[in-house]
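Protein sequences, first through last, are from chains Z and V. Under the working numbering, the residue at position 209 of the first sequence is numbered 237, and the numbers go up by one with no gaps. Under the working numbering, the residue at position 450 of the second sequence is numbered 435, and the numbers go up by one with no gaps.
I should point out that these hints are in silico values taken from the structure, not numbers from a laboratory. Accuracy of the hints is not assured; some may be wrong.
What the hints assert, rightly or not - Derived DMTMM-like pairs: lysine to aspartate or glutamate, alpha-carbon spacing no greater than 25 Å straight-line:
| no. | chain 1 | residue 1 | chain 2 | residue 2 |
| --- | --- | --- | --- | --- |
| 1 | Z | LYS40 | Z | ASP64 |
| 2 | V | LYS251 | Z | ASP62 |
| 3 | Z | LYS85 | V | ASP510 |
| 4 | Z | LYS40 | V | ASP248 |
| 5 | Z | LYS204 | V | GLU413 |
| 6 | V | LYS106 | Z | ASP211 |
| 7 | V | LYS134 | Z | GLU174 |
| 8 | Z | LYS85 | Z | GLU151 |
| 9 | V | LYS337 | Z | ASP195 |
| 10 | V | LYS106 | Z | ASP184 |
| 11 | Z | LYS58 | V | GLU240 |
| 12 | V | LYS370 | V | ASP510 |
| 13 | Z | LYS58 | V | ASP246 |
| 14 | Z | LYS40 | V | ASP246 |
| 15 | V | LYS534 | V | GLU413 |
| 16 | V | LYS222 | Z | ASP199 |
| 17 | V | LYS134 | Z | GLU161 |
| 18 | Z | LYS90 | V | GLU253 |
| 19 | V | LYS425 | V | ASP345 |
| 20 | Z | LYS40 | V | ASP345 |
| 21 | Z | LYS48 | V | ASP248 |
| 22 | Z | LYS58 | V | ASP248 |
| 23 | Z | LYS85 | Z | GLU73 |
| 24 | Z | LYS241 | V | GLU81 |
| 25 | V | LYS106 | Z | GLU196 |
| 26 | V | LYS134 | Z | ASP60 |
| 27 | Z | LYS48 | V | ASP246 |
| 28 | V | LYS356 | V | ASP345 |
| 29 | Z | LYS85 | V | ASP246 |
| 30 | Z | LYS218 | Z | ASP199 |
| 31 | Z | LYS85 | V | ASP528 |
| 32 | Z | LYS40 | V | GLU253 |
| 33 | Z | LYS92 | V | GLU240 |
| 34 | Z | LYS109 | V | ASP345 |
| 35 | Z | LYS40 | Z | ASP60 |
| 36 | V | LYS374 | V | GLU413 |
| 37 | Z | LYS90 | V | ASP44 |
This one's a predicted model, so the numbers in the text were calculated from it and none came from an experiment.
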Amino acid sequence: MIYIFEDRDSRKAQNQDVVKEHSDVICFAKFDIDTDQDLNDFIVENFCDADCLIFHKSYTFKDKNVNLSQIQSYMLRSGVKFCVYSGGIEHGSISQDGITLVNANVMYENLAHFINYYKDSNEVILEILLWGERYRLSQLISMQYELFNQYFMSNDLEAIIPSEDLDEILDDTFSKFEEYEFDASPILDKLKDRMYSLTWNEFFNMLSTGIHKIELTL
Amino acid sequence: MRILISTRESNIRDNSTDRNAWGVDSIRVWGTDITDSLDALPVYEPGLTFFVPTVLERDNALLYDGALLALRILFRYICNFRKGINIVLLGTEHLESFLCHFIYPNTIKIPGIYYCLNNQKIVSSTILPLNKISERYQYAPYLSQLGIKLPSSFKSTHSLTNDWCLYKWNSFMGFSKAFDDINLNSLYFDYLKAIEKIKDVKYRKLENNKELKNEILTLREMTSRILLIDDNVRWHKFFREIFSKSNVEFDSIGENFKKLDIDVIKYEIAERIDTFNPDVILLDFRLIEDRDADCRFDYISGTQILSMLKGTFYNPGKSYGRQVLIFSATSRIENILRLKALNADGFILKEKASFYSGKDDTKAIISNMVKTLSESIVRAGFLKKLNAKFDNILCITDSYNYPIDFVESIKHTVDSIRLTSQNNKLNESVLQLIYLDIFKIFESIKNISGIILFPNDFALSVKASTFLQICSHGKSSIYQKSPDDWNCIHKFSLSPIHHKYCKEKNLNFAICAIILFRLGYTQIDDTHWNDIRIIRNTIAHGDNGQLAKRNLILNIDSLKSYILIMLDLIDMILDPTKINEIKPILS
């Protein structure tokens, strides 16, 4: 279940249609914890089925001792995805510790797509809230960035890749493709033909071409 | 000087090994050495070159935060040093791919901007020609092609104007505390600065603007209550600062409105107005920006609140006379006309970045705001009293058994005056019209049967010489005429010398009689009736002679004053609880 903690009536009214349409998996919720109530007990009692909490950044809590970062830490520790949105966030971001920030308008624009993916796969992909239908492209570019920084930033691009390293490099590269769930087999087939005397630049070009072909399928 | 921007995710740091390997003079880490504020950039020097990775954080690769940072760096140098620098974008893909993905592909067309792969050897061997741009205007055609978009945190140009206007006004007024909250740290504002739509803030001292300072001092000396209705708490702070140490009582409401339904907002505003009783209301046109941005005019929160406050022409609501000024970024003429039709009393328009052409603009707009507020306070001071007196008179005529045609004529007069005063400046001509309209009520009063309840057996005679002589009822000569003759004022019998005034329904005689015998005054002048009458004759007939004799001056202030005095007299005459009937003395 996905819970949205929206405390602006106008925004709630504007977006209630999409939430109602998918009321089996998502709802607007309130975090009405009492002053003397334990946070853990309250969450277990009310949101034990949560796969993801989406919180307005300036959500007003009834209990002034509770704040957003407490809930965020608790949820991230429990493996529940957590997203914070606000009208004041200019560029959305996902930090390495899993904290997702997104602009309110962008979040609501991408909400339907996010829910549909969740319903189809039972998986919460917060990048969809940031990028909508372009989230796979975002992942593809992230992967490219990682591979580039790993292999091409420090090496002389004209140099031939040492043959003793090549297998490991290819294994790592394809692991990366698998990690991001992209199909590396077309690139693999081409590389097999050029296993020797391959320069970093050639490797980069082959990867780039392969990644571009993947992009065309997204 | 060659500077490489590094990311926290990479291991490249500012040490001699990395500097040599990358062939740069300095390495700065994004998020540590360089932050959002970009304050730590070195001063311009010829040949200054930045090497900036297109992506700074892996998880946000599609954002190309590094390329955006590069643009901000360029804008800073264009703005601050007006000279060209070189920037090399360090990508992790082919240029074609980068241009397909990056939101501002025309970046690469800007002189001094280059793209290459983020590779140590390529960077260290890159030697660039000197950027020959020496004047900022040379950048203009390239920057205009970028198509820099509003930040996503701005729903519309309304919120942009809000931030920009707050930035300009607070800096112009020297309100440094309020300014702390305003964050113009974004690509868009750096862009505006680069194209000279914004200049970096300079705190000014109000003392340096003598004219404006005097206008503000005058405003502060006025005794009034002003309520600001705005969801942006920074405007609350701005106006609180303006009205600090002043006679103006200031209150604000709206910081929680974003979270409320429009009906709840209406309720909260009505409640605050009841308790605070403001003279002037500053009403933000878009109170709930999230919702208002997509709304039709009639459903915009400001429109709905204005309708509630001002009511309609025939049902003007409690706020009639209270000045409601629309505080808005809108300069759309159709919006202004429609708000005017909803009885908005005035407009305070926020300064817009797109219209800015120098600090004189800011000064003129602030001065206009101060003048509008001052004029509104003056208007409210008169119209609120006028309206309260109208309400009272309408209440009396409705409550007591006055003839229907009389009650209708009063209502008609009140409606007419409300319309005149709502839609016009209160200059001398308008006030004269209002004066004559109100004076007509005396005519209607004269015709009310039985307004003076003389004993049937007596009649009133006015002695010769002046009208003042009839003021003292003790000196009036009352004599008995035939029975049943004296119940109506138009049947008064007069001594021969005044016969010309009073033979049939003479207004002056009737009102004098009412003042003396219904209200129990001993002097007509205690009620200002003679002044009221003389002013009326002056306006209607241009008879200035009597005005001079009584040392009366006809101007805006005296007209306002006598309009209110007239209404007081009408109120006394019509309110049965204020009757102090004097029985005529038999002579």
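Hints and how they fare:
1. LYS40(Z) x ASP64(Z): With Cα atoms ~29 Å apart, LYS40(Z) and ASP64(Z) exceed 25 Å; violated.
2. LYS251(V) x ASP62(Z): violated (29 Å)
3. LYS85(Z) x ASP510(V): violated (69 Å)
4. LYS40(Z) x ASP248(V): Distance ~15 Å between LYS40(Z) and ASP248(V) Cα, so the pair holds.
5. LYS204(Z) x GLU413(V): violated (83 Å)
6. LYS106(V) x ASP211(Z): violated (31 Å)
7. LYS134(V) x GLU174(Z): violated (29 Å)
8. LYS85(Z) x GLU151(Z): holds (23 Å)
9. LYS337(V) x ASP195(Z): violated (61 Å)
10. LYS106(V) x ASP184(Z): Holds, at about 6 Å.
11. LYS58(Z) x GLU240(V): holds (21 Å)
12. LYS370(V) x ASP510(V): Status holds; Cα separation ~23 Å.
13. LYS58(Z) x ASP246(V): holds (16 Å)
14. LYS40(Z) x ASP246(V): holds (10 Å)
15. LYS534(V) x GLU413(V): This hinted pair holds, its Cα atoms lying about 21 Å apart.
16. LYS222(V) x ASP199(Z): violated (61 Å)
17. LYS134(V) x GLU161(Z): holds (21 Å)
18. LYS90(Z) x GLU253(V): The hint holds at about 20 Å.
19. LYS425(V) x ASP345(V): violated (49 Å)
20. LYS40(Z) x ASP345(V): violated (43 Å)
21. LYS48(Z) x ASP248(V): Holds - the C-alpha atoms of ASP248(V) and LYS48(Z) are around 23 Å apart, at most 25 Å.
22. LYS58(Z) x ASP248(V): Holds: LYS58(Z) and ASP248(V) sit about 21 Å apart, inside 25 Å.
23. LYS85(Z) x GLU73(Z): holds (23 Å)
24. LYS241(Z) x GLU81(V): Holds - the C-alpha atoms of GLU81(V) and LYS241(Z) are around 14 Å apart, at most 25 Å.
25. LYS106(V) x GLU196(Z): holds (24 Å)
26. LYS134(V) x ASP60(Z): violated (39 Å)
27. LYS48(Z) x ASP246(V): holds (19 Å)
28. LYS356(V) x ASP345(V): Holds, at roughly 16 Å.
29. LYS85(Z) x ASP246(V): The given pair, whose Cα atoms are some 19 Å apart, holds under the 25 Å limit.
30. LYS218(Z) x ASP199(Z): This hinted pair holds, its Cα atoms lying about 15 Å apart.
31. LYS85(Z) x ASP528(V): It is violated: about 72 Å lies between the C-alpha atoms, which goes past 25 Å.
32. LYS40(Z) x GLU253(V): holds (20 Å)
33. LYS92(Z) x GLU240(V): holds (18 Å)
34. LYS109(Z) x ASP345(V): Violated, at roughly 52 Å.
35. LYS40(Z) x ASP60(Z): Answer holds: LYS40(Z) to ASP60(Z) is near 17 Å, not above 25 Å.
36. LYS374(V) x GLU413(V): Holds, at roughly 21 Å.
37. LYS90(Z) x ASP44(V): violated (34 Å)
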